[in-house]
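**Q** If you're matching them up, the sequences are chains A and B in order. Per the working numbering, the first sequence starts with residue 112, numbered consecutively. Per the working numbering, the second sequence starts with residue 320, numbered consecutively.
Calculated from the structure, these hints are not laboratory results. Quick caveat, the model's predicted, so the values are computed rather than measured. Misleading hints may appear alongside valid ones.
A few chain A residues that don't get close to chain B, going by computed Cβ distances all over 12 Å [to be verified]:
1) Phe180
2) Pro181
3) Ser190
Covered, in the sense of this in silico footprint (three residues per stretch, anywhere, with C-beta under 8 Å from a C-beta of chain B), are these stretches of chain A [as the list claims (entries may be wrong)]:
4) 119-126
5) 129-136
6) 163-175
Derived DEER-like restraints, expressed as beta-carbon distance ranges [unchecked claim]:
7) B:Ser347 - A:Ser149: 24 to 32 Å
8) A:Glu173 - B:Asn343: 30 to 38 Å
9) B:Asn364 - A:Ser149: 33 to 41 Å
We put the beta carbon where it would ideally sit given N, CA and C, even for glycine.
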Amino acid sequence: DSGVTQTPKHLITATGQRVTLRCSPRSGDLSVYWYQQSLDQGLQFLIQYYNGEERAKGNILERFSAQQFPDLHSELNLSSLELGDSALYFCASSVPLAGGPPDTQYFGPGTRLTVL
Amino acid sequence: GIQVEQSPPDLILQEGANSTLRCNFSDSVNNLQWFHQNPWGQLINLFYIPSGTKQNGRLSATTVATERYSLLYISSSQTTDSGVYFCAVKETSGSRLTFGEGTQLTVNP
Numbered sequence: 112d113s114g115v116t117q118t119p120k121h122l123i124t125a126t127g128q129r130v131t132l133r134c135s136p137r138s139g140d141l142s143v144y145w146y147q148q149s150l151d152q153g154l155q156f157l158i159q160y161y162n163g164e165e166r167a168k169g170n171i172l173e174r175f176s177a178q179q180f181p182d183l184h185s186e187l188n189l190s191s192l193e194l195g196d197s198a199l200y201f202c203a204s205s206v207p208l209a210g211g212p213p214d215t216q217y218f219g220p221g222t223r224l225t226v227l
Numbered sequence: 320g321i322q323v324e325q326s327p328p329d330l331i332l333q334e335g336a337n338s339t340l341r342c343n344f345s346d347s348v349n350n351l352q353w354f355h356q357n358p359w360g361q362l363i364n365l366f367y368i369p370s371g372t373k374q375n376g377r378l379s380a381t382t383v384a385t386e387r388y389s390l391l392y393i394s395s396s397q398t399t400d401s402g403v404y405f406c407a408v409k410e411t412s413g414s415r416l417t418f419g420e421g422t423q424l425t426v427n428p
């Protein structure tokens with residue numbers, strides 16, 4: 112158990128819909144990262160938040176958005192869903208308040224999104 | 320951006336065999352992690368190893384940062400070692416992890 116939690120574990124929805132994925136980082140971690148794993152693109156970085164602020168952006172579509180709340184949990188919002196958005200979405204966290212390797216990213220169990 | 324290449328792409332072993340997985344990267348890094356993705360999709364941290372050598376039970380890893388490669392050794396493999404092994408690196412100028420395409424390992428009883 113990495114200490115990172117994600118909900119829901121599975122999500123099945125239809126094209127055109129909007130969903131929200133939730134992530135709680137490890138206790139004390141300030142950074143949250145979102146990654147997408149699809150069959151054709153592999154594991155790709157989407158976006159990073161650090162202590163509530165956007166820190167880095169990767170290959171994230173305009174239909175996708177994220178935020179990190181004051182309690183450090185994060186949500187990834189996916190809208191106008193397309194078949195190609197079906198993937199495993201991972202959240203990771205890092206940067207503990209004190210101690211530990213600062214750069215190690217710990218991954219949650221993922222949310223498997225299926226768009227029909 | 321940085322390129323990460325893993326080899327071999329596929330590996331089939333008999334239980335008890337040893338194996339070496341390789342990760343080459345194209346630029347300087349300050350973070351390198353090895354992960355095991357099990358058949359249920361979970362990404363499990365194996366090593367944080369930007370340089371040097373570490374061992375954890377039957378697994379060990381070595382990163383030679385100056386030559387831009389890392390090796391993951393699996394000894395006395397077990398069927399539970401099956402899955403995909405990913406190498407991921409972080410460039411010195413960034414915060415994201417860039418993943419290789421993985422090595423699919425199958426250990427047969």
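**Q** Now, for every hint given, state plainly whether the structure supports it.
**A** Here is what the structure says about each hint:
no.: 1; hint: Phe180; result: holds, 20 Å
no.: 2; hint: Pro181; result: holds, 21 Å
no.: 3; hint: Ser190; result: holds, 23 Å
no.: 4; hint: 119-126; result: violated (count 0)
no.: 5; hint: 129-136; result: violated (count 0)
no.: 6; hint: 163-175; result: holds (count 3)
no.: 7; hint: B:Ser347 - A:Ser149: 24 to 32 Å; result: holds, 28 Å
no.: 8; hint: A:Glu173 - B:Asn343: 30 to 38 Å; result: holds, 34 Å
no.: 9; hint: B:Asn364 - A:Ser149: 33 to 41 Å; result: violated, 22 Å
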